[in-house]
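Since the structure of chain S is provided, determine the placement of chain Y on it from the hints.
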Amino acid sequence: MGILDKKLSLRDRNKMLIGVWEDEDQLMAGASEIAHAGVHIHDIYTPYPVHGLDRIIGARRSKLARIAFFCAVTGLTLMTTMIWYMYVHDWPMNIGNKPVRFTPSWAPVMFEGTVLCTAFGMSFFFFWRNRLVHGIKNEILDIRQTDDRMVMAIETTDGMDEKAVLNMMKNHGAVELREFHNGVQTVL
Amino acid sequence: MGHGHHIEVKQEQFVFSPKAKRFSMILMVLGLIFAGLGIANLGGHEESHAAKTEVAAHEGAHHGEGHAAAAAHEEHTNVETEAFGPRMEFHPLDKPANTRIWANLMIAGYFFLMISLVALMWYAIQYIANAGWSVGIKRIPEAIMTFIPVPFVVLLIALFMGKNDIYHWAHYEHLGLKPSDAGYDPILVGKSGFLNSTMLFVFPSVLVVIWYVLMRKLRSLSAAEDNATKGDVTFFRKSIRFSAAFAVIFGFTISVIAWLLIMSVDAHWYSTIFGFYNFVTHWVTMITIMAFFVAYIKKEGYLGFVTNEHMHDLGKFMFAFTVFWAYLWLSQYLLIWYAQIPEEMAYYQIRFENYKFNFLLNFAMCFCIPFLGLLMRSAKRNRYVLAIIGSIMILGHYHDVWLMVFPGVFGSGMQFGFLELGTFLLFAGVFTYWVFTALTKRGLVAVNHPYLDESAHHDVGV
Chain S
1 MGILDKKLSL RDRNKMLIGV WEDEDQLMAG ASEIAHAGVH IHDIYTPYPV
51 HGLDRIIGAR RSKLARIAFF CAVTGLTLMT TMIWYMYVHD WPMNIGNKPV
101 RFTPSWAPVM FEGTVLCTAF GMSFFFFWRN RLVHGIKNEI LDIRQTDDRM
151 VMAIETTDGM DEKAVLNMMK NHGAVELREF HNGVQTVL
Chain Y
1 MGHGHHIEVK QEQFVFSPKA KRFSMILMVL GLIFAGLGIA NLGGHEESHA
51 AKTEVAAHEG AHHGEGHAAA AAHEEHTNVE TEAFGPRMEF HPLDKPANTR
101 IWANLMIAGY FFLMISLVAL MWYAIQYIAN AGWSVGIKRI PEAIMTFIPV
151 PFVVLLIALF MGKNDIYHWA HYEHLGLKPS DAGYDPILVG KSGFLNSTML
201 FVFPSVLVVI WYVLMRKLRS LSAAEDNATK GDVTFFRKSI RFSAAFAVIF
251 GFTISVIAWL LIMSVDAHWY STIFGFYNFV THWVTMITIM AFFVAYIKKE
301 GYLGFVTNEH MHDLGKFMFA FTVFWAYLWL SQYLLIWYAQ IPEEMAYYQI
351 RFENYKFNFL LNFAMCFCIP FLGLLMRSAK RNRYVLAIIG SIMILGHYHD
401 VWLMVFPGVF GSGMQFGFLE LGTFLLFAGV FTYWVFTALT KRGLVAVNHP
451 YLDESAHHDV GV
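From first to last, the protein sequence lines are chains S and Y. Each residue of the first sequence is one higher than the one before, counting from 1 in the numbering used here. Each residue of the second sequence is one higher than the one before, counting from 1 in the numbering used here.
If we strip away everything but chain S, and leave its shape as in the complex, we get (with noise of 0.2 Å):
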């Protein structure tokens, strides 16, 4: 899955191609011409969510629906386990002359664990697939990224025509463009 991939990192990656935006609708105008034109945008950061965007770029599906799934399936496996290794098998205790093999009363044990584990599990995975836990370096590209500026990122390959790609983006309103090389940014 690689969700500890280093390629995940910027700093190891090609040179970049950094646009920077005001504007978010001429941000999706360019975002639009340039993936028309074929050319592979590797991530565009905003401070809020622009709607339409993960269509333009060409985002895939977020997988942390199945990580939810998975995480909820463990939690259930797990407090079912515990609830019966604990009450019935171990230590069974008589609470108000109640039968302990009675499963709907193990239903609140067994809802709360796997909300917590599904809580847990999918805050966990988003932060770190985000690179937003502790000991995990991120770049960010712009400080103002979580402000009020959006930041387009596009990793250049070999055959790429730098230039044309610029130019798309300055002539749709890119207030500034920038290259990423090895962790140093250049202002072009």
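Since the hints were made in silico from the structure, they are not lab data. This list has only true hints and no planted wrong ones.
Below, a list of computed lysine to any residue pairs in the SDA-like style, where the Cα atoms sit at most 20 Å apart:
| id | chain 1 | residue 1 | chain 2 | residue 2 |
| --- | --- | --- | --- | --- |
| 1 | Y | Lys316 | S | Met122 |
| 2 | S | Lys63 | Y | Arg377 |
| 3 | Y | Lys441 | Y | Leu214 |
| 4 | Y | Lys316 | S | Ala119 |
| 5 | Y | Lys316 | S | Arg66 |
| 6 | S | Lys63 | Y | Gly461 |
| 7 | S | Lys98 | Y | Gln349 |
| 8 | S | Lys98 | Y | Gln340 |
| 9 | Y | Lys316 | S | Arg61 |
| 10 | S | Lys98 | Y | Tyr333 |
For chain Y alone, coordinates are given in the frame of chain S:
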């Protein structure tokens, strides 16, 4: 939100097509046929039932003035010898054959009244929550909520005709026993301030009038908005205020209605979660019905800007409230199971002993099948999956209401048969006809709603 690509939204006029008319007619005719079959079977059932009756005192004690007290007396002396002391439930199990008809009408009336009310609640919540995505499908709950008076009239007729047989507290009230009499029931007497015939008619009527007035007000605001100029938010603001008023009134009163009309079938029993549980049962059904209408209207070529994204959100609502229904269903049961108080168990005792199949079928139809069926994203975005799972859900929740009433009224020996199915289909036909007619009365798009554009651009992402 994505202003990059502009989506043109124009007013559309819905036409009640002959095909849709035929569909609702077929529902009604099927309903009448099934109900007729059910009624035809009813007579035979009565004879065999009477033949089986063991206690002589019960014979002919169909709540005639003189016989009833004797029957109550007989029943009381019978049960006191039981090992558990005096039985808490007073169930005159011998009912006239037509009780089943009144009980069915009462269930159908209650079910569709709640569906229309919950549609109004949905409409109000969209305003209070400032929801944008649902503006495109706003006309559908707006049409469903106009149905309020029809099921209510049926409900009143059913209650008027059958209350003494449906509610054993009404029958008890009718007996007028004194503390010294045999069969005197202090619990029913204690509850008689709330559970009495005056209350049964006056309270729901007053509430329905209040709800109806608020419904008309919200609808007239919506109509006024259509005729106003684009960008005028006065009616939008006013709608929020009236929605909030309705939500507060409805939130408090809906529980009381559920207690009075449905929970009182087992008058000795009570559950504090019951009102909310009823609300959720109808809420999830209403969302399913709404999804059906949206899917149909889209298939006919209307509302082009309402996309699969909106259907996906409706599917998510169906899925989420399915889980919530199961949560309440189990919570109500588990608390009673743990507490181990005999009179609280009466409700589940009779349902699990005599209606085990229905009890488990209810859980399967309302939770297991929808939960597994709607879990996947692709299922929620697929019209055919939604149609199949949705039909199971609607029938399942109707059966849920049936299971709340019938075991309490008839004791054992009843089944969800032709009459029940027929009543449901008949009502479903009238309901569809009514809603389609209501849809034709307004333009299908709320063109001057401030969030219409947001709804048109609604996108849940890849």
